[in-house]
Every structure is written in C-alpha cells, then in structure tokens.
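Turn these sequences into a full structure, and let the hints steer you where they fit.
Chains A and B, in that order, are what the protein sequence lines are.
Quick note: the first sequence uses the numbering used here, first residue 1, plus one each step.
Quick note: the second sequence uses the numbering used here, first residue 282, plus one each step.
What the hints contain is simulated information worked out from the structure, not anything from laboratory work.
A hint or two may mislead.
[Claimed, not checked] Below, in silico cross-link-like pairs of lysine-lysine (PhoX-like), each with a Cα-Cα straight-line distance of 20 Å or less: (1) A/LYS251 x A/LYS273; (2) B/LYS558 x A/LYS273; (3) B/LYS558 x A/LYS251.
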Amino acid sequence: MIKAENLSFSYESEGAEVKVFENLNIEIKDGEFVAVLGHNGSGKSTFAKHLNAILVPKSGKVTVYGIDTADESRIFELRKNVGMVFQNPDNQIVATVVEEDVAFGLENLGVPRDEMRQRVDEALNTVRMYGYRKHAPHLLSGGQKQRVAIAGILAMEPRCIVLDEPTAMLDPIGRDEVMETIRRLNREKGITIVLITHYMDEAVKADRCIVMDRGRIVMDDSPQNIFPRVEEVRALGLDVPQATELVWELKRRGLNVETGALRSAQAVEAILKMYENERTK
Amino acid sequence: MIELKNVTYTYNKNEPSARVALSDVSLKLDDGDFLGLIGHTGSGKSTLMQIVAGLLPPPQGSVSVDGRDYADYKSAARELRKKVGLVFQYPEHQLFEETVYKDIAFGPKNQKLTGDEIDERVREAARRVRLDSGLLEKSPFDLSGGQKRRVAIAGVVAMKPEVLILDEPTAGLDPAGRDELLNMLGELHRDWRRTIILVSHSMEDIARTVKTAAVMNNGKLVMNGPVEEIFSRGAELRTMGLNTPQISRIVDGLIDAGLPLSRRIFTVKAAADEIEKIVRSKR
Numbered sequence: 001m002i003k004a005e006n007l008s009f010s011y012e013s014e015g016a017e018v019k020v021f022e023n024l025n026i027e028i029k030d031g032e033f034v035a036v037l038g039h040n041g042s043g044k045s046t047f048a049k050h051l052n053a054i055l056v057p058k059s060g061k062v063t064v065y066g067i068d069t070a071d072e073s074r075i076f077e078l079r080k081n082v083g084m085v086f087q088n089p090d091n092q093i094v095a096t097v098v099e100e101d102v103a104f105g106l107e108n109l110g111v112p113r114d115e116m117r118q119r120v121d122e123a124l125n126t127v128r129m130y131g132y133r134k135h136a137p138h139l140l141s142g143g144q145k146q147r148v149a150i151a152g153i154l155a156m157e158p159r160c161i162v163l164d165e166p167t168a169m170l171d172p173i174g175r176d177e178v179m180e181t182i183r184r185l186n187r188e189k190g191i192t193i194v195l196i197t198h199y200m201d202e203a204v205k206a207d208r209c210i211v212m213d214r215g216r217i218v219m220d221d222s223p224q225n226i227f228p229r230v231e232e233v234r235a236l237g238l239d240v241p242q243a244t245e246l247v248w249e250l251k252r253r254g255l256n257v258e259t260g261a262l263r264s265a266q267a268v269e270a271i272l273k274m275y276e277n278e279r280t281k
Numbered sequence: 282m283i284e285l286k287n288v289t290y291t292y293n294k295n296e297p298s299a300r301v302a303l304s305d306v307s308l309k310l311d312d313g314d315f316l317g318l319i320g321h322t323g324s325g326k327s328t329l330m331q332i333v334a335g336l337l338p339p340p341q342g343s344v345s346v347d348g349r350d351y352a353d354y355k356s357a358a359r360e361l362r363k364k365v366g367l368v369f370q371y372p373e374h375q376l377f378e379e380t381v382y383k384d385i386a387f388g389p390k391n392q393k394l395t396g397d398e399i400d401e402r403v404r405e406a407a408r409r410v411r412l413d414s415g416l417l418e419k420s421p422f423d424l425s426g427g428q429k430r431r432v433a434i435a436g437v438v439a440m441k442p443e444v445l446i447l448d449e450p451t452a453g454l455d456p457a458g459r460d461e462l463l464n465m466l467g468e469l470h471r472d473w474r475r476t477i478i479l480v481s482h483s484m485e486d487i488a489r490t491v492k493t494a495a496v497m498n499n500g501k502l503v504m505n506g507p508v509e510e511i512f513s514r515g516a517e518l519r520t521m522g523l524n525t526p527q528i529s530r531i532v533d534g535l536i537d538a539g540l541p542l543s544r545r546i547f548t549v550k551a552a553a554d555e556i557e558k559i560v561r562s563k564r
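In structure tokens form, the structure reads like this:
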C-alpha cells in the first residue's frame with residue numbers, strides 16, 4: 001500500500017514560494033493500475049517523484065509499504081520496492097551491453113552471481129528482450145530501450161513501478177510495445193503500476209484514473225466513469241478518446257444513444273444499437 | 282518549388298553497414314503547400330527531409346529548385362540551405378542564449394542583417410508563433426515547455442525560410458500545448474503563405490492540421506494525396522505500423538456492420554454529421 005497524507009510541496013523561484021500541491025491525500029492499493037493525468041504543471045510528476053524519495057515531503061507524509069520516504073536509512077529498501085521509469089530512454093541506459101545494463105542495480109546491491117544471472121534473464125524474458133541481451137543499447141529502438149529500462153527495474157523485484165510519461169518520445173509501435181509490457185506486469189505479476197501520461201488511450205487501460213489540476217485531485221475514478229464527463233475533462237486541458245467523444249456528440253444532438261464508450265468496439269456497438277432501435281420504431 | 286526525382290540515398294555507402302534509407306523517391310513541393318509527412322521510425326522520412334533541406338551528402342537522382350535543374354546535388358544543396366528552415370525534434374534542447382530575444386536573433390544575426398532589421402525579424406517571428414512580446418526579455422529556461430518550443434520555432438521563422446519543416450513538433454507536449462501549437466501552425470500557414478511540412482507519426486495531428494499528406498514506408502513514398510484519400514486506406518496504413526485515428530476504426534466497424542457511411546471520414550465532427558443524417562432519414 002502506498003499512502004500520501006496531507007502531502008505538500010513547494011519550491012522557490014525568484015524569491016517567491018511556488019506551491020506545487022498542498023494537502024494531497026492519495027491511497028494506492030497493491031496490484032492497482034493507476035493512471036495519473038493532468039496538464040503540464042498540474043503537479044503529477046512532482047507527486048510521482050515522492051513515491052521513491054527522489055523528492056521528500058515539505059510537509060505531510062508518504063508511506064510506501066510501511067516505509068516512511070523521509071527515512072533516509074531505509075532509502076535502498078524503498079527504491080528496491082518502487083522503481084521508476086522516465087520519459088527519455090537515452091538518459092536511463094548506463095552500460096554498453098543490454099544484459100549489463102539490466103544487471104547494474106543488482107551489482108550495486110551485491111547480489112550473488114548465479115542469482116544475478118537468473119534475475120537478469122527472467123527480467124529480459126518478461127519484457128520480451130532476451131534475444132537482445134548481447135546487443136548494444138544505443139542501437140535499439142526507443143520502445144526497446146524503454147523495455148530494457150523496465151527490465152533493469154524488474155530485476156530488483158519491485159512491488160511497484162512508477163512510469164513518468166514513458167511513451168512520450170516513442171513512435172506508435174514503441175508505444176504499443178511499452179503499454180503491452182506494462183499491462184502484462186500488472187496482470188500477470190501483480191505489480192502495482194502508477195502511470196503518468198498525456199495519452200488518453202493509455203489512461204483508459206488503467207483500473208483507476210487520478211486527474212490533477214493545479215496541485216489538487218479533481219477526479220479519482222475508473223476511466224469508464226471519468227471520460228464520459230467530456231466537458232469537464234476538456235476544461236481540465238485533457239483529451240477524451242474519440243469513441244467517447246463521438247457518442248457524447250450524438251447524444252448532445254438529441255439522438256438516443258448510450259454514452260460511456262471508451263474503445264472503438266464499444267462505440268460501434270452503441271451506435272448500431274441506436275440505429276436498430278430507430279429502424280424498428 | 283522543389284522537386285526531387287527518383288532520389289535514392291544510402292547511409293555508409295561502400296561499407297558492410299550500408300543501409301538504403303530512401304529508394305526511388307519522387308516528391309514535388311509547390312510554393313505555399315502545407316504537407317503532412319507520415320511514417321514510422323526508420324521509414325526514411327527524416328532522411329527525405331534532410332535531403333530537401335540540403336543537409337546530406339549527394340543522393341542518387343535529381344533535384345530541381347524553382348524550375349532549375351541542378352547537375353550536381355552540391356550546388357542544389359547550397360540553394361536548398363538558403364530556402365529551407367528545419368526545426369528538429371525537441372528543438373528547445375538547443376536554446377542557449379540568456380534571453381528569448383537573443384535566441385530568436387541568433388539566425389538573423391548570422392545572416393548579416395542590420396540591427397534594425399534583426400529587431401524587426403525577431404518581433405515579427407515572435408508574433409507569428411504567438412509568443413507574447415513580454416517574454417522576449419525573459420530567460421528561455423524560465424518558460425513552459427510549449428513556450429520554449431515556440432521560441433525555438435521562432436528562431437527558424439526569423440530567418441524567413443521559404444520552406445519550413447517541423448520534425449514532430451508536438452512530441453512530448455500535453456494535449457493543451459499540442460492544440461495550441463497545431464492551431465498556431467495553421468494560422469502561420471494561412472497568414473505567412475510559405476511552404477510548411479509537418480513531419481509526424483500522429484495521425485490525429487495530421488488529420489486536423491493539413492489537407493494533403495505523403496506516407497513513407499521502408500524508404501519508399503507509398504502514398505501522396507488528399508488526407509481523406511489516405512485515411513480511407515486504413516488497413517494498409519495499419520500494416521505499415523501506423524495508427525489511424527480511432528474515429529476511422531469506428532467508421533470502418535460501422536461500415537462493416539452495414540451502415541451506409543463513407544470511408545473518407547476522419548474527424549469526430551464529420552462522423553457525427555453523417556451518422557446523424559442517416560439516423561434522422563430513418564425517422
């Protein structure tokens with residue numbers, strides 16, 4: 001369980017205090033897949049950095065699996081449990097061979113050689129990059145690099161992975177690869193996922209979406225309940241999936257269609273049903 | 282006007298690592314065009330744009346500029362570099378001056394313009410990219426991501442290129458920043474009347490911003506024409522690793538189920554209009 005209680009954070013700029021957020025309260029349960037949304041400057045990345053003590057609370061408290069993130073003596077234990085993946089794949093690679101990059105964290109922990117070998121192989125298999133274990137990371141695609149970065153974290157056997165816009169610099173193929181990997185880690189390994197993203201097609205895959213605006217949580221619900229609130233979501237500077245927008249727009253024009261679709265197939269189904277109803281009327 | 286005929290380009294030619302990045306590509310850019318260029322990573326779109334900008338060693342094939350054929354690419358490239366301004370991906374990483382003003386002035390200064398001319402260029406460029414003049418004396422590093430990117434674009438606009446190429450200009454921006462930037466580009470094209478090429482793998486961005494587009498796949502130019510024609514070939518695009526907008530997939534699904542819709546729909550509004558029409562005609 002991850003828990004932020006009355007969390008506040010601010011920084012100084014030109015002598016003035018800029019508040020990022022104040023009295024934030026969030027609870028994330030084990031095994032949840034949570035998307036955190038919000039326009040730039042809403043505080044979502046700053047929040048994410050509090051989950052493995054890259055930042056520590058100015059006031060309030062963050063507890064991660066019983067560890068207070070402000071407790072410096074437990075920082076290794078904390079970071080073993082909560083791994084973080086960033087936006088730019090090139091900034092996260094440290095070694096010249098893929099498997100050495102994945103082993104980097106374990107080497108620092110002094111894990112015995114045999115166990116290290118086993119954990120690295122398993123992590124690479126999980127992200128479907130085992131075939132590339134001897135390759136040079138700089139020759140991989142963006143999506144492959146991000147999966148190597150994820151493998152490096154997996155090798156530490158974390159309970160939670162926080163990803164800060166991991167697909168922002170990737171092309172559509174790379175984005176699909178990374179999203180598929182994230183989903184599999186959540187469903188099959190039960191790893192808690194906190195995904196910061198601007199892409200609504202990624203957010204709809206989460207169990208829960210937290211929407212931030214100017215340092216406050218303004219929505220916290222399932223994507224099924226959030227996105228059909230089209231006008232509110234847009235007013236927060238976010239997109240809605242085109243499927244949601246289409247049925248919402250038809251309803252607004254006075255057609256008797258069921259709203260709430262998130263995916264193409266759901267929109268197709270709702271529109272066909274409306275079409276049939278009109279015909280048999 | 283820039284025309285490439287049967288251009289082929291190979292990286293590391295004569296080496297074991299040789300890789301053909303462009304093969305037999307022909308492309309004509311008329312003055313005032315607003316073209317979208319689509320393709321996944323490695324499709325050759327960046328190589329193509331660098332050739333248009335005169336930045337690579339000579340390719341095979343021929344290049345003509347404003348109706349003049351050049352015997353060798355080297356002299357064509359000299360013309361192209363004068364004519365074409367290229368905004369790279371994440372251009373804000375290249376900002377370096379103390380103030381926004383100085384950063385935008387960097388290009389015009391190198392063009393050996395007078396102080397007054399430079400000043401005029403900077404202010405005009407800032408206005409064209411919708412950068413508030415109050416920001417000119419600020420440090421570029423104090424601006425938001427979207428603002429920084431517009432400063433970088435203004436730096437190229439200030440050199441008054443006849444052709445402006447932008448490589449993934451919305452990458453990494455949030456939805457509001459992306460909307461603002463695309464609207465700005467639409468207005469820039471409308472008011473400035475110069476050629477603009479928008480390179481992107483976001484089909485949504487292309488669909489809402491330009492009217493004609495070209496698609497690259499495996500080093501070849503595989504489609505070139507009106508956007509509605511390109512999006513009506515959704516299945517083909519998907520085999521090239523490109524994602525058509527979700528709305529095209531919905532329309533395809535409805536057509537497959539027997540609804541009389543056109544495949545040339547790629548915006549939510551157009552889809553809603555057509556669906557509303559066929560439902561109301563049933564009543």
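Do the hints match the structure? See the list:
| no. | hint | result |
| --- | --- | --- |
| 1 | A/LYS251 x A/LYS273 | 13 Å, holds |
| 2 | B/LYS558 x A/LYS273 | 16 Å, holds |
| 3 | B/LYS558 x A/LYS251 | 14 Å, holds |
Taken one by one, the earlier hints all hold for this structure without exception.
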